[in-house]
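So the sequences go chain by chain: A and B. Per our numbering, the first sequence starts with residue 30, numbered consecutively. Per our numbering, the second sequence starts with residue 13, numbered consecutively.
Hints are computed from structural coordinates only; laboratory data are not their basis. Be a bit skeptical, because a hint or two may be false.
Unchecked claim - With a straight-line cut-off of 27 Å between C-alpha atoms, the simulated DSSO-like cross-links for lysine-lysine are:
# : chain 1 : residue 1 : chain 2 : residue 2
1 : B       : Lys207    : A       : Lys548
2 : A       : Lys526    : B       : Lys355
3 : B       : Lys89     : A       : Lys596
Stated by the list, open to error - Chain A stretches covered by chain B per the calculated footprint, using a threshold of three residues with CB under 8 Å from any CB of chain B:
# : stretch
4 : 557 to 564
5 : 589 to 602
Computed from a prediction, not measured in an experiment: that's the story for all the values here. Quick reminder that beta carbons are idealized off the backbone N, C-alpha and C, glycines included.
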Amino acid sequence: MRVSNSWLKELVDIDVDAKDIADAMLHVGNEYESINELCPATDLVIGRVVSKRPHPDSDHLNVCEVDLGDKIYQIVCGAPNVEANQKVIVSKVGAKLPAGEIKQTVIRGVESNGMICSLAELGLESKYVKEEDKKGIHVLPEDAPVGIDAKEYLGLNDTYVDYELTANRSDLLSMIGMAYEVGAIYDKKVNLPNNTVTEISDKTSDYIEIENKTNNCKAYMSRIVRNVEIKESPEIIKSRLMSCGIRPINNVVDISNYVMLEYGQPLHFFDFDKIGDKVIIRQAENGEEITTLDGVDRILKDTDIVICDEDKPIALAGVMGGLDSEVTMDTKNILIESAIFNPYNIRYTSKEILRSEASVRFEKGVDPKRTKEALDRAAYLLNKYAGGEVLSGIVGFNDKDTDDKEIEISAKKINDVLGMEVSTNEIRNIFSRLGFTCKEKDNVFDVFVPSRRLDISIKEDLIEEVGRMHGYDNMKGKLPILPIRMGRHLPKNKYIKDIKNRLYSLGLNEVITYSLVNKEEIELFKDKPFEYIKVSSPLTEDRSIMRYSIIPSLLKVADYNISRNIKDLCIFETSKIYYIEEDYKEVNKLAILMTGNYIDNTWNSRIVIDFYTIKGVLENLFDYLGVLKRYKLSVENIPKSYHPGMSASILIDGNVIGYIGKPHPSVSNKDIYVCELNLDKLFDIQIKSIKYKEVPKYPSVVKDMAFVLSNDISVGDVVSTIYKKGGRVVSNVDVFDVFNNFEKDKKSVAFKITFQDIEKTLTEEEVLKSFETIIDNVEKGFNAKLRNK
Amino acid sequence: MKNEIEKLKTLFERDIKKVKTMNELNDLRINYLGKKSKIQEFSTMMRDLSVEEKKECGRLMNEFKTYVEVEITNLRKELEAKELEEKLSNEKIDVTLPSTKINVGSVHPITKMINEVEDIFISMGYDVVEGPEVERDLYNFEMLNLPKGHPARDTQDSFYITEDTLLRTQTSPVQVRTMLANIEKTPIRIICPGKTYRKDNDDATHSHEFHQIEGLVVDENISMADLKGTLEVFAKKIFGEKREIRFRPSHFPFTEPSIEVDVSCFNCNGKGCNICKGTGWIEILGAGMVHPNVLNMCGYDSNKFTGFAFGIGPERMAMLKYGINDIRNFYINDKRFLEEFDKVEKVSYESK
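Only chain B is shown next, with the shape it has when bound in the complex (with noise of 0.2 Å):
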């Protein structure tokens, strides 16, 4: 029996090496494992032995069973790695190929500008609202201190629809509304971002529907001082933190004082450059303290309440910001011009 277990052995030892698949391995495991295997003729033929030799060919037999077992269990791991391989290396493919295109979402340029002057104003506490682009000669200019035949409405040329009403020339007819609806309650802080008309030929630089974001601050003690605060904050977010901004001193009828804003230049820092035109400014926006007859005639005593107001135009800050040289970019829409645009931006500060 021990001869023929050392038989059977030496056997197995020489079909194995045969093994070259797994279905040529699972048959090697019939035949030595399986039901009409030797080993399990071997236990039917040990009935016969006596105890002692029992003892002794069980043990040996169980010694075959887990010899075989663990040589199986081995080549079955090696074969299956050798046809994962093979299957791999079928499995190749050009990673140089070009890439699906996923139709990306961009923000509008002009509304990225909004956005951004939203946020920079919402932090600071003021509310944005709105105001209808057909609007009422009565609050786009009367209400502004722009009387019937004021020569300054001539420069804003307007659509008018009616004798009465028009198209917005700008976004101020919202500063006029908020006090009227609010009448002498204070503060009032808000920003009105909108579209306005003005009879203007398009060109590179001119556009008969462009956008502007007011700003109006009203309460008992407001100063220019103010306003230039606020709008460094604003400048140096939009432009940078190393912007600086001066006032120059200009004129519109509906604020008193009035001045026109500049940032020192991004482009060249102050030392003169095309884009500054050599002066290392550049104008980016007109601003002022609310003329009285403004606060008056909207319910705000003048003499109690002061205030200051700005205009931005969006088109303007992103034709500076991105270096856009024509107007008429935004509203063409052109998909590779609206993708420039939608991208990440990292701000970084100056550590205090």
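Bound conformation, chain A alone (with noise of 0.2 Å):
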């Protein structure tokens, strides 16, 4: 809403500047934008054009010698419509205007003194200028006095605040409520306008009907105004609709936009003689048609509420007038509607066709009491601006409760859910300055709120009053008073965050990307079939469904990184991800990507990411999370996203947990490896607490064995297999050597097993008996053959 001060002050009585009014709105509630002055053009006075005579120097510019009452100037001036006699508005040396300041200057050898000017050139807003200002000086009417400031004159001296309400506040989308507001801030009075009409002896109801067939409308009032002159408005009426934001058009049309703006209620203006003498008020058909005012073929729903006469719809209810029934230029008898619809139709009516200042206003709520007034007040205006003659009474209905709301509400219950200590006669000057009549007896207060007020309903809404008028400035702020406890994270939230903090200690970065995704990411990475959800109207099919696996974000990541010349990149994303099975299921996921160098120094060493890399990140924090010795790798069952020869699942107790491995290079074509894992499932495994046990103080005994395998062997087997056949002594077991192709489809693998007894020292019987065995089973089982033997 776009405030003009000087219209505000003239509703209440104050004399302090836009900037402090607009600081003192702020601290009630009330933010603002911006505060901006109407014509931002200083020292512009009124002048009568004395001569005119060509430039010699110039085919288009002439020399005028101007009046201003103090003295007469030169001044050259280069407008085509420029004559002797005029009256017009002038820039004096030193005036500030948009395109700079206004100096003297020689121009073309001539001097010239100040600049007559145009009014597009004053600063006003573009959509305020007409054409014709736009191609010459604006010419003041004759009877101008010389030498005044023009500002004034033309009423543009005006600064207007444009504050951005909360949705609540209907009743500030209105001047007088502007006013009230102001004046409970500064405890002064609000002025009301003169809205008494005087009426001729023909009745209203004489040439009118109205009929009401909806329940979505609660008020229809209605008056003629017979015999208007349509012309230009006067400029007080210009100048406050342009404060406001609003374009002048005619004074007919700027009246329905003036009162609108002054007392929040929108009204219609009908051509009286355009329409049948019955208004229908009725919900549209569907599929039911009406052409408005801007010249569109509107098709209708059964949701919109029509205006219509005996034949058809006439306006969109609070929207829209129709074509057929605007007023126009020759326009001489006016039906004017005041009237109250349902927020709820008029917010779907104004969504499917035009948010307009008076729907805006509708959805929001009017004052039910202001329904008449803005009507006596349009009517008042009508007569004096437009020489209209009012018909006598007023048609329609209003069914709306206009009454003061009542609200009981001590002190105490004011003062305990403030924490602060307002006295009762605080609260009690409070109300009164926000025009709230009440009695207060034993410091209970009974509120009278004014049916203005929509948005105060219960004690609470008195409590904010209070609060904000005495000023939250002044409340001290404590802590709550309860019971000393230790504040805690869930316990999966908990292992989540210890998760995390091992991954970075490993020298992984976090990332979060978005969880919608496209139509072909969700089809990624899939592990089982599955429903997924899809946003009903999304932005974009790039975000329109509910993510099921993190790694095509994270693939994203390392695209984005790697196009940047960043190509080491260890990245990980906890996130929860959403499907449907039955209901809806939420499950967190942990996913992790590595690409480059692990660790790297360019000019010496590096460990470049593979594989066994990727593995042994997940096995550190396997072991961090105490399920070392329980997960396994399977190269079965492995999703099709995954390189079928470079990836394995992931089992913890039997159970598949998760996935590791290489993407497809149908999905990636770069040397990526990626991981992802169920952290629920995770989280669900029962783990042992830690328990000290003695670092062994006997000495070990190492071996190496070698063995020809052939290549479709797992190591890892092997290495089960010396655990398990090797007995308890075998405590290590490290692969120090691959020989892939060591003899036709064979590969040659080299073992290094440590031999411990905690107990004691172990003989050379007892290593050698696990070592025979060992060698025994690696050789059966595997169809093995020890090297170098």
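Join these two chains into a complex; the hints should help.
Here it is as structure tokens:
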């Protein structure tokens, strides 16, 4: 809502500048965007062109002698329409215009002391400047007094504040509402506008009848004003409309807007001669048509409300009038509509068609008391500024409750909720400033809230009024008095945090990516069929489906970084993922992506990330989580999006909890390794608590052995066999050499086995026994051959 | 014999001067102290001497041996030191060559912000809870005093999945879930961080996905002053001990009274700069007293219980604190961006 400061000052007696009022309003909860001058130009005076002669050195410039009251100035003017004896707007030397400061200059050898201005040059918003004003200087009426301030004369000496109001304060969408609010801050009375109508003897009810056929119209009141003269509005109406952001059209249209701004009650004016003698308010029929005054043919729905005469719809209620009944330059007789419609209907209609100044007010609600007041004010103004004759009486109805709302509240309750000590006197004073009548007995108030404050209906609303008017700056903060306790995380969230901390320490950067993905991405890294969750009306198809796997998002992050030459990347994300399985399923997942070098020294050495690097990260994490000895990789059942030969499913105690490996070349052709885990399943695994185990005191024995094995044997299986068959004395098995194709279809694998007994020093025989058993079992179990024997 | 030993000593003194290497030193040692050395020969020869002479020669021989041992040991140390020096002088490296880049992990700035907020509120006895991102309309809107058709639903344009399911537009439904799960058990002290969704086109200040941290306290006699004190602790911890906050009246459907919270500008200390747009204050969050309709719908009699709620935007906090000017950065995850924020931040306290 844009508020004209000069208009506001007429409605409430204060002498404070616009900035101070705006700041005071901010403190009571009414934010503003900006404070602006309606006309930013300075030092404008009215002058009379005494004479005009052509510039000796130019074919379009004229040299004018202009009387500015104090003396005659010579001004060079380039406008085609300048003539002697015109009253004009002159900016003197030193004046500031949006285009710059006016200086004394010499134009092609002729001295010029100022500028004769067009309206366009004054800095008015361009929508207010008519085409003819852009072409030439603005010529004032003959009776304009020479030498006075031209801005004052044009009513352009105004400042407006652009407020950004909260949704509940529909009462502030009117100048009167603003006046009440400002009046409450400064404790000043509001001067309501004159709306005493002088009526002629003809009765309205003899000419028009109103019939309501819908529950969604709660008030509809009309008057008829005859024989109006359509012309330009007086400057005061025009400038106030412009301050409030509305372009002046003609006196009749301007009055309807002016009253809407003043009272917050939207009005509609019909050309009475273009409609029948009965107005019907009803719901539109589905498919019914109307041409609105913007010339568009609209097809209506049954949620729209229409105003009709006997034959046809003549207006789309609350949103836009019909083209056929529009007020034009030829209009003589006017039917005024002042009504209240169901905000919900207006909202649906305006969403489809146009959110106008009128519909915004209907949507947020209008004061039922103002339906009649605004109607009378419009009739009064049409009489005053358009010479119309107002027929006697009002036709229509108002079913809305216009009584004050009564709310009881104690000073104690107010202070308990605010945590302040506002005295009973101060509370009474605040209610009175707000214009609420109240009775108080034993510190309990009976408050009567006027109908304009649609936002107030319960005790807490009154508490807010006291709080904001008393000022929250007076509130001293304290901490709630509650039992001391230790706050905590949910166990699973604590577990996930621990996992994240481990991954940071392993050198992984945490990323956060969007959960909404597209149709292609949802098909990737699927490990089972499922129904995905699709947003019913997405912004773009790219962000329309809730993801099931995090990996496609990480691949995008990798692409982004790699394309910026950041090739070493170790990232992870933990996120909830969602899909449908009977009901909506939520799963906590972790995804890791690694590519490039894990450790790098560009001139020296590096560790290039491969499958075994990400496997190392996984095992480090599993060791931390106490499941290292219980995990296994399997090459069975690998999802399609993984490379079939370089990936595995991850099992703990035989249950699949995730996957690790290289994306399938059709998914990514880069040398990238990924891993994805189901954190819920991981969290559900029972683990033992940490218990101290003594570090071995006795010496260990290390022995090497190498086997020639068929290429397709998994080394991991051999390691398991060594552990299992070697007995409890085998404390560690390392693989220290793998030689593929050592013989045809065979590889050589070398193992380093540590033998250790925690209770004593091992004897040579014990070691040998275990050693022989291992050789025997590996040879038989894997059809292997010990090397160098 | 005595002369022989004197002669031997002179010989030794001559020979040791020629020794340059450890090997030569070893040879010298064998020559003068080994089994086949002159001095050993002398011992054999001593058998023929008288007791007196034996005694005298033995003493002289021992003196000679000790002398030789000491001289050789001294020279050995000298040679060893020289050898080490030589070795070290060949081991010199260029310490200015670039180091090995060790991948250092980093906490995402949103997580970092959430962690900081969690720490503050856990220390004040709050539990950190969570709720689903795929949420029921009932909890996201209806029970928060936003019935179907409420105009405020338009400003939170939502990603609906079905008519009554949507991606939550705020973390506030967790308020509802927490109260419903506790029914009149008090006090409630929770914060809830999480992802939220709104149908906004992504630009520098809007993101269709973003995070929120909801806070809720419910008990008998909870006041707005309690809210102010609590948020003062929060603002000081995040933006510095010298910060103050102010409440500005506002409007949210689920709180009454409602307020916007401003923090005194940490850049200019309230004098007015381009960060605070000259006002000295920066809007940081929305809050208020839980609306009685919300309390009643969630099973808490509003005549008996009051509460406060607030909603913190971790992206906004991080943007303000670190001067990040585009919210999309958080979701692009440029590695260079990610690594800017995981650094130590020293705190200082004013002495009391």
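_Flag every earlier hint the structure violates by its number, smallest first._
Checked against the structure, the only hint that fails is number 3, while the rest are satisfied.
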